[in-house]
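Following the hints, complete the assembly by docking chain S onto the known chain H.
Chains H and S are the protein sequences, given in the same order.
All you need for my numbering is the position in the first sequence, starting with 1, plus 33.
All you need for my numbering is the position in the second sequence, starting with 1, plus 33.
Derived by calculation from the structure, the hints in this document are not laboratory data.
As the structure is a computational prediction, the values presented were derived from the model and not from experiment.
All clues stand as given, with none of them false.
When chains are identical, the list treats them as one kind, so a pair holds in a single copy or across two.
Simulated pairs of lysine to aspartate or glutamate, EDC-like, Cα-Cα distance not exceeding 20 Å:
| # | residue 1 | residue 2 |
| --- | --- | --- |
| 1 | Lys203 | Asp392 |
| 2 | Lys272 | Glu300 |
| 3 | Lys203 | Asp339 |
| 4 | Lys203 | Asp291 |
| 5 | Lys203 | Asp346 |
| 6 | Lys203 | Glu351 |
2 protein chains.
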Amino acid sequence: MTTPAEARALDADDPLRALRDRFMLPEGIIYLDGNSLGPLPRATMAAGRDMIERQWGERLIRSWDEGWMDSPARIGAKIAPLIGAAPDEVIVADSVSVNLFKLLVAALRHHPTRRTIVTEAGNFPTDLHIAEGAAACVPGGRVHAVAREALDDAIDDRTAIVLLTHVHYKTAERFDMAAWTARVQAAGALMCWDLSHSTGAVQVDLGAADLAVGCGYKFLNGGPGAPAFLFVAGRHQAKLTSPLSGWMGHAAPFGFEDAYRPGAGMERWRVGTPAMLAMQALESGVDLFADIDMADVAAKSARLFDMLAAAGDRAGLECVTPRDPARRGSHIAFRHPHARALIDRLIARGVIGDFRTPDIARFGLTPLFLSHAEVQRAGELIVETVAELAETAHAR
Amino acid sequence: MTTPAEARALDADDPLRALRDRFMLPEGIIYLDGNSLGPLPRATMAAGRDMIERQWGERLIRSWDEGWMDSPARIGAKIAPLIGAAPDEVIVADSVSVNLFKLLVAALRHHPTRRTIVTEAGNFPTDLHIAEGAAACVPGGRVHAVAREALDDAIDDRTAIVLLTHVHYKTAERFDMAAWTARVQAAGALMCWDLSHSTGAVQVDLGAADLAVGCGYKFLNGGPGAPAFLFVAGRHQAKLTSPLSGWMGHAAPFGFEDAYRPGAGMERWRVGTPAMLAMQALESGVDLFADIDMADVAAKSARLFDMLAAAGDRAGLECVTPRDPARRGSHIAFRHPHARALIDRLIARGVIGDFRTPDIARFGLTPLFLSHAEVQRAGELIVETVAELAETAHAR
Numbered sequence: 034m035t036t037p038a039e040a041r042a043l044d045a046d047d048p049l050r051a052l053r054d055r056f057m058l059p060e061g062i063i064y065l066d067g068n069s070l071g072p073l074p075r076a077t078m079a080a081g082r083d084m085i086e087r088q089w090g091e092r093l094i095r096s097w098d099e100g101w102m103d104s105p106a107r108i109g110a111k112i113a114p115l116i117g118a119a120p121d122e123v124i125v126a127d128s129v130s131v132n133l134f135k136l137l138v139a140a141l142r143h144h145p146t147r148r149t150i151v152t153e154a155g156n157f158p159t160d161l162h163i164a165e166g167a168a169a170c171v172p173g174g175r176v177h178a179v180a181r182e183a184l185d186d187a188i189d190d191r192t193a194i195v196l197l198t199h200v201h202y203k204t205a206e207r208f209d210m211a212a213w214t215a216r217v218q219a220a221g222a223l224m225c226w227d228l229s230h231s232t233g234a235v236q237v238d239l240g241a242a243d244l245a246v247g248c249g250y251k252f253l254n255g256g257p258g259a260p261a262f263l264f265v266a267g268r269h270q271a272k273l274t275s276p277l278s279g280w281m282g283h284a285a286p287f288g289f290e291d292a293y294r295p296g297a298g299m300e301r302w303r304v305g306t307p308a309m310l311a312m313q314a315l316e317s318g319v320d321l322f323a324d325i326d327m328a329d330v331a332a333k334s335a336r337l338f339d340m341l342a343a344a345g346d347r348a349g350l351e352c353v354t355p356r357d358p359a360r361r362g363s364h365i366a367f368r369h370p371h372a373r374a375l376i377d378r379l380i381a382r383g384v385i386g387d388f389r390t391p392d393i394a395r396f397g398l399t400p401l402f403l404s405h406a407e408v409q410r411a412g413e414l415i416v417e418t419v420a421e422l423a424e425t426a427h428a429r
Numbered sequence: 034m035t036t037p038a039e040a041r042a043l044d045a046d047d048p049l050r051a052l053r054d055r056f057m058l059p060e061g062i063i064y065l066d067g068n069s070l071g072p073l074p075r076a077t078m079a080a081g082r083d084m085i086e087r088q089w090g091e092r093l094i095r096s097w098d099e100g101w102m103d104s105p106a107r108i109g110a111k112i113a114p115l116i117g118a119a120p121d122e123v124i125v126a127d128s129v130s131v132n133l134f135k136l137l138v139a140a141l142r143h144h145p146t147r148r149t150i151v152t153e154a155g156n157f158p159t160d161l162h163i164a165e166g167a168a169a170c171v172p173g174g175r176v177h178a179v180a181r182e183a184l185d186d187a188i189d190d191r192t193a194i195v196l197l198t199h200v201h202y203k204t205a206e207r208f209d210m211a212a213w214t215a216r217v218q219a220a221g222a223l224m225c226w227d228l229s230h231s232t233g234a235v236q237v238d239l240g241a242a243d244l245a246v247g248c249g250y251k252f253l254n255g256g257p258g259a260p261a262f263l264f265v266a267g268r269h270q271a272k273l274t275s276p277l278s279g280w281m282g283h284a285a286p287f288g289f290e291d292a293y294r295p296g297a298g299m300e301r302w303r304v305g306t307p308a309m310l311a312m313q314a315l316e317s318g319v320d321l322f323a324d325i326d327m328a329d330v331a332a333k334s335a336r337l338f339d340m341l342a343a344a345g346d347r348a349g350l351e352c353v354t355p356r357d358p359a360r361r362g363s364h365i366a367f368r369h370p371h372a373r374a375l376i377d378r379l380i381a382r383g384v385i386g387d388f389r390t391p392d393i394a395r396f397g398l399t400p401l402f403l404s405h406a407e408v409q410r411a412g413e414l415i416v417e418t419v420a421e422l423a424e425t426a427h428a429r
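Looking at chain H on its own, in the form it has when it is part of the complex (with noise of 0.2 Å):
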């Protein structure tokens, strides 16, 4: 296991130490939960007050020709480059269940004879839910979900679309996206990547990708809830359009037209109006990226993992993560037969990580702001709350 010494030396050498200052964490916390809602940006505050009170409160509806009525593309395109699309194939709108809904039903009802969608068993579960629910609106649609390593077998000459998460919830492993993207396209289907646990803590490049959706709440640091994403890619933008046909997505909104004629581009993909004092903490925590090398996170979170790792080895936990950093993501989950009791002990003392049924306690590795001194600190706490919890299960 790494010493004290040892993780303030790595500190010291952090390229992105200075990052920490940017975000308020409370004291006496060792915040491994950024994987499920990212901190709350220093940014943010003031950017949330301009938002209320001079946005909303002294420019009122003047504000959708200052600024408000392009954040979806805007926001989009600034997220853009976190994993490898162009700024006109990405926007934000709604949460990610409803994107995966529309680009589900639109790639559906696209191909000619296809209608099935292929998933993993044990995906994130709203993955599941809305396939079935997208599959439900086209004529024959069905979804086909099965282990990872049946995946392969599965993707026939049915297969419309495939959709995959590429970091998962649980395992943090990552599939190979060049690869199941040729694989899939290959086989004549089309690649949806969900990029929830990805965008922001591992370096993604969708290349070839057909779509994807992605998270704002997590890696992003977007706030609670916070408005999700979706891609297109170009060479598709034309053809698909969504089922959800709202008015900000018609393509002139204050036109008032009764029929529906879809926005140019990505436009097309709006719903309703954006709520905007998400839409706002969204924008400035994606603005931290804009002058980080994500190379710089991926490497670091290479280095947190490691550390966690061997806390988990030495605390004899089983580590359902794969070891190699090309293969996962930036949180690292160990089996136990008590997780959930190992979390709430390590909540009590100040280290929060969360509990995934039926026995997964789960540790996100934040490059953006953890320290190695912190992490270093949680794997010695992790050490001796499952050697106490060891000794009570052995006194029963």
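Just chain S now, with coordinates in the frame of chain H:
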């Protein structure tokens, strides 16, 4: 026309006059656009800081158990008395457009044979667009949009659902809710009301209605793009399920099951994670209504309307809003060949109304914050500005 002295006397007698101090209103502006974007309640500033700095910044994920997770139902229960619904018949989620989609698809699917949505041509565009999108998700689904005077004839034994906007966004014309609900149900169809332009502005009693949606950012003063609400009558709640089967609407969101099981009651209409910054602002706006008698609101709306209607008469404007208070909402619309120029000139003079294509000048009358003196002055400025426009046209 009302004189300044008469307006001051009306203000002195106004049971709602103290409410004005609960809003931040910019100096030198008479804001007649609360029907488009309600102004900032003062309480929202402190609540917004608490949401960002304490609930998010300090409490982080712990806030989900400290009020966030329950907020959609909690805020819905606060909106319920404003629309004549039971507390467990309303929930807050997504946008008006997304909520309409959910209800229309669910209602179309539920009927064994009927597949037609009847609605009004010239309804607010998103109602028409989303109805088209919803109909396309159900085999045989279609939309039949007809002029108001043809609605009665259009409802027949193929009609599954009738979607009407209670108060028209342009003309402010109001449907007789009880009569139309009875008419539609007598034909064996479900009645769905869009309450966007009526909630918080006029007395609404959904009574026997089946379904409804409504907007948070107009007369509820919930902030730009505030989350919307939806209503399902208790007797239908177990029968209807959402096509947007997201994880937050699951019976056990944190059970992480692969198969979707709809949540109990209104919970099933949730989709993704609620945007808490926007939810907080909506709740602060709705809380303003806690000690308000909607009969006072409606009575003041009628007085303010009469003042602007008299000014319009003096100016020779064509009023397209019905004069009878029971047949209109809380804005007034005038038709004018140079409506856009009229609005632009009034804005330059500090009177903010809005233009709706092609020839409508629209002025919102929000009884919570407008004084009679302000509306009296706005009336004078409308008379002057219309006269100026006539001179300009004459000079051409």
